[in-house]
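Visitor: Residue numbers (our numbering), protein chains in the order written: chain A, 1 to 534; chain B, 1 to 364.
Note that these hints are calculated values from the structure, not bench results.
Computed from a predicted structure; not experimentally measured.
Keep in mind that a hint or two might mislead.
What the hints assert, rightly or not - Listed below are the simulated BS3-like cross-link pairs for lysine-lysine, each with C-alpha atoms no more than 30 angstroms apart in a straight line:
no., chain 1, residue 1, chain 2, residue 2
1, A, K322, B, K345
2, A, K426, A, K374
3, B, K277, A, K80
4, A, K529, B, K277
5, A, K80, B, K178
6, B, K277, A, K322
Unchecked claim - Here are the computed distance ranges between Cβ atoms for each label pair:
no., chain 1, residue 1, chain 2, residue 2, range
7, B, V330, A, S190, 51 to 57 angstroms
8, A, G75, B, W187, 54 to 60 angstroms
9, A, G183, B, V330, 40 to 46 angstroms
10, A, E116, B, I344, 38 to 44 angstroms
11, A, R279, B, W187, 54 to 60 angstroms
12, A, E171, B, W309, 53 to 59 angstroms
Where is the CB? At the ideal position from N, CA and C, for every residue including glycine.
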Amino acid sequence: MSVATKAGGIAEEPLTLRERSPSPTMSPTQQTMQIVCISRGSLSRGRELAESLARRLGYRVLSREDLMEAAIAEGIQVGKLETSMMKPRAFTERLARERDHYLAFSTAYLCERLMEGPLVYHGRTGHLLLRSVGHVLRVRVVADEEYRIRSTMQHLGIDREKAVRYLSEVEEDRRAWVRSMYGVSWEDASQYDVVVNVERMNVDNAASALVGMAQLPDFQITPASRRAMEDLRLGAMARLRLARDERTSRFAFSVAAHDGAVNVTYLPHDMEVAGDVPRVLEGLEGMGQLQATMAATTILWVQEAFDAASPTFREVVEIAGKWNAAVELVRYSASAEEGEASEAGTLPSPAPTQAVAGIEEDDEEDVTDDGGLKDTLDELARVGRAGGGRFVRGVPSALVHVCCGAVPHSLVVLGNLFLSKEPGTKLRLTRELQDSLGSRMHVPVVTAEELRSQYLFGPRDAFRLLGFLAVVASLYVAVLTHQDAVLKFLAGDWSGPGRLTMWVVAVAVFAFAPVVAYIYGDVARSLMKLLKME
Amino acid sequence: MEPGLLYEHFIDINGFVALQVVALGFVGGILSGFIGSGGAFFMTPGMMNLGVPGVVAVGSNMTHKFGKALVGSRKHAELGNVDKRMGAFLIVTSFIGIRIAVWINSALVGSSDSHGAGGSAAGDLYISAVFICILSVVAVSMLRDAMRTRKDDEPAGPSMRIANFLARRHLPPYIHFKVADVRVSLWVLMVVGLATGYLAGTIGVGGFIGVPCMIYVFGMPTAVAAGTELYLAVYMGGFGALNYALKGFVDIRLTMLLYLGSLVGIYVGVYGTKVVKEILIRIVTGLLILLCVVSRAVAVPAYMRQLGWVHFDPAWDAWFNSASKVMLFVAGFSGAAIIVFHVIKSYRQRLRVQQRLTEARAAA
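Same shape as in the complex, but just chain B:
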């Protein structure tokens, strides 16, 4: 394994590194509350930029997600936003997806060992590649929809071509889900579960695929899709945490430090959704994810060099990593700053209105 790592997989955490992880958690929490996703798209690459091997970053983040979802899903269940039957079907296939993801990630780390070179580079490159492919599609779709909303009179929303295409196909057996009030082919259900589990296990962002699939492919109401995804996240997070911990890839210190920031940040993010216009939410989210993708892409040449695929001065690795880290942090903190700015602005406006009301009444 790479030099400088403790017990082969873990980084040394001093006060400064701990602060950076808490900051990652805080920004990830804000984005998570603001967007409604888990925030892993920011936290996982952020930890990798701090020198955490990709597989440990994913494992620790899944453990973080497990605890958070366990606390949050109860509220959704109380409000009737969870289709447990749907969740049960997806859980089974998502577990298979997670097992595949853990197996590939672990094998890549193992393969680096066997060659005696590359450290965690193979795993990091693989995780980065999946991250870049999936999240660039998500970011571009989000930005395109946001732009369309601005220009077009038509109420925006992603294309329904997939749902319409599937509706025209006859793919029995079909299962009816009462809470979501939808009828879905078992085969479609299995593919979605497998994909969600695989992505959650590989990069920790299964929700980015799970929720859109539930809404656009299954036709579920948005609130039920979000609630069911959170319910699913409990099991997927738990299963993923168990599997990664079994391989020794969970760093509980990172998980705890992430909690320290994220569980506070999430409140700021949720508050932000109440005071920021929807169009701005979409644009900020899309740009942020896109910048996270670019930041990850900047780190890729270093992994390729470590694997011997390209050749340049190893001293440049630090530059690539620093550039990636700066870009990610600037993107994350800028996004968080926009949200916090609006939260404070709204709070001050509220105070001014209250003051004017009081003055007007006093004058009357």
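The following block holds chain A by itself, in its conformation from the complex:
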């Protein structure tokens, strides 16, 4: 692996990652730990821009190629993984494990390099690896199509038609890679803080413009973003250890770290690995507490203030028990700017000045009052359902950004949110957040009230079950005790032979079958809900 320094020299770096806490004796420059992630397309001059920007800022440059080289040295078959992920193959457990290994390694590697000092990274998706870190400047660089075609022709010595096809295929592959690895669209402008088009702007001038942007307070490290990065690194290192150790490498894990506490969840059919997890992770630097939870999936519960004695807690735990799920908590507090904007009538657009993820250490109130997060997490750990916890402060888009992380969820529960707002505003903002999360995460997003009605069996369900059961029983009895009449009707024997007769039969069948399916389906669903098997 090689890292280009400010002066353009090459410094040799070790290929392996070290498991260590960030050095307490960092220089002031290192302590800034700023990172600019440049997402570049094929021949879009992203490398030139990255190098020019790094020279101006005095940062080091790290490229995707460096990262790949290190990943290969780690033993990850990157080429094979890329091919598998780009093609729409069946998503096997082994592929999922390899993807997790790669993601953990890449994340840990980036965090590690960042701990050593500020840098400019250019590749495809560095910003997505660090998406929970608030101070990353995310840049997308695009270039003139004609320039790219000509460069391709020149580089590969091929004709124009082939160059166009080559570029199209490469872009298509990269798009597929990003979608399958991170579940987002690579070209979605909302993934970036700025999109630079070098078609009409000189690369050096573009770099100069970015220097100003990088110096904005929005992209400087805060205690919260530092903590988020340390947690991200710790989680990645833990996952990496599990992937490297032969006792645990065959199993699927979901790992998250919060405030030094590492939470590992494993699947119910991998129960035999439970004892090995603490042994493998023993002595991991920076790890305070370890929580290993058996879970088939994760439920995300977002609320402003948690209370382990609340009915919502009991309901969430009940559903988690039924689904074999871990519960991840996110304490969400909307920022003041968000509130003002929301009163204007729509879901506020991102306002990064206040959008941070993590615990605000510089806020005295937040340090002493964590909104019941820790107590609730302890209680979840006690009942074997802990899936980790986080604190997000900012506009709703910051929450959406944090929630769409690496850990897949099966359900999102929105508890009490926007507590300082009027009931009407609170309801509207919650609905808007629900829509926003639903469209980004592609999982059911429900409020605490909907949780009760949709997933738990209550008195209302009992009445509904009895009513529908009566209707469905009547239908079955009517049909099965009058089989001759039914068959006569279906055969069209009840009227003179004719097309109209059979059309009546066809329309009746067409209308009747879905009605039976709906009513009986509802009865079956309610029964399964009652048996806690839905």
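Add chain B to chain A, keeping to what the hints say.
Guide: For chain B alone, coordinates are given in the frame of chain A:
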């Protein structure tokens, strides 16, 4: 038509037969929830083993599929897993495929009448032949992939040769589908729609072709392919039900009895996917489909005799049918038993872990 059939096409359903149909629905439902397909590969031949003419088994099963898909597709649509534009293109051609299938099935039943012999044998033989050809390819591919996953380090998955082959060909016009984020040639789309509709209309298992085509030929994400197929199943099922009912080939009693088992079984199957290892899911699925194919093949000599193509004692027909039925039921129930066994085992393990946790905390 065959003696013993009511109003020419329908079997007499007593309590025992009704129970068997419910059981077929239950096992089909479990397999459907477990595999993610419609379960028709088990229910259609199962009904034929009970004496239901093939064309009525297919018609009743399509009607069953229509109602089930109508209820299930809403959830997929809510989660954004449906490419409606893709669905719209496929629906048009699949309707043509269904019309062709219904026409052939009805003509075969009609042809038997005209000769005054054979009953529904021509239709049954044709349906069985298509069933055996298509599902043996599906089963062998599944088992081969499962075995490859066990042996090979490479992440498994069917070959991408078709997709790569098509990608190299220039077949305009191309249509871009936003939700699935793919670009597909109209001609390829039409062929896939036609094939899916034809197979859905003939044997009721269009999804076995539709979903793999969407994933491996179009390059769609798996979740979107499954959601779009379910969306498509609503229209294909509805159109198929309408067409078969128009010819008088839908037995609503069978449809209702299938619902009775399948809508409960599907929950058990879905639960099973959470507690059974993926490799086992693939092996169980592949073996089950293969056994269903063999079971159908065992019934074929009887249809051939009824058509006068081979000659042996007619009393043997009952033996062939019984052997086929036993094999199908044993295969289906064994598969379902494996799933239920794992569901119960996992549930008990969960209880034990919870108990140990409680004891450990109490001791601390």
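Visitor: Any hints from earlier that this structure breaks? Give me their numbers in increasing order, please.
Guide: The structure conflicts with hints 8 and 10, although it agrees with all the remaining ones.
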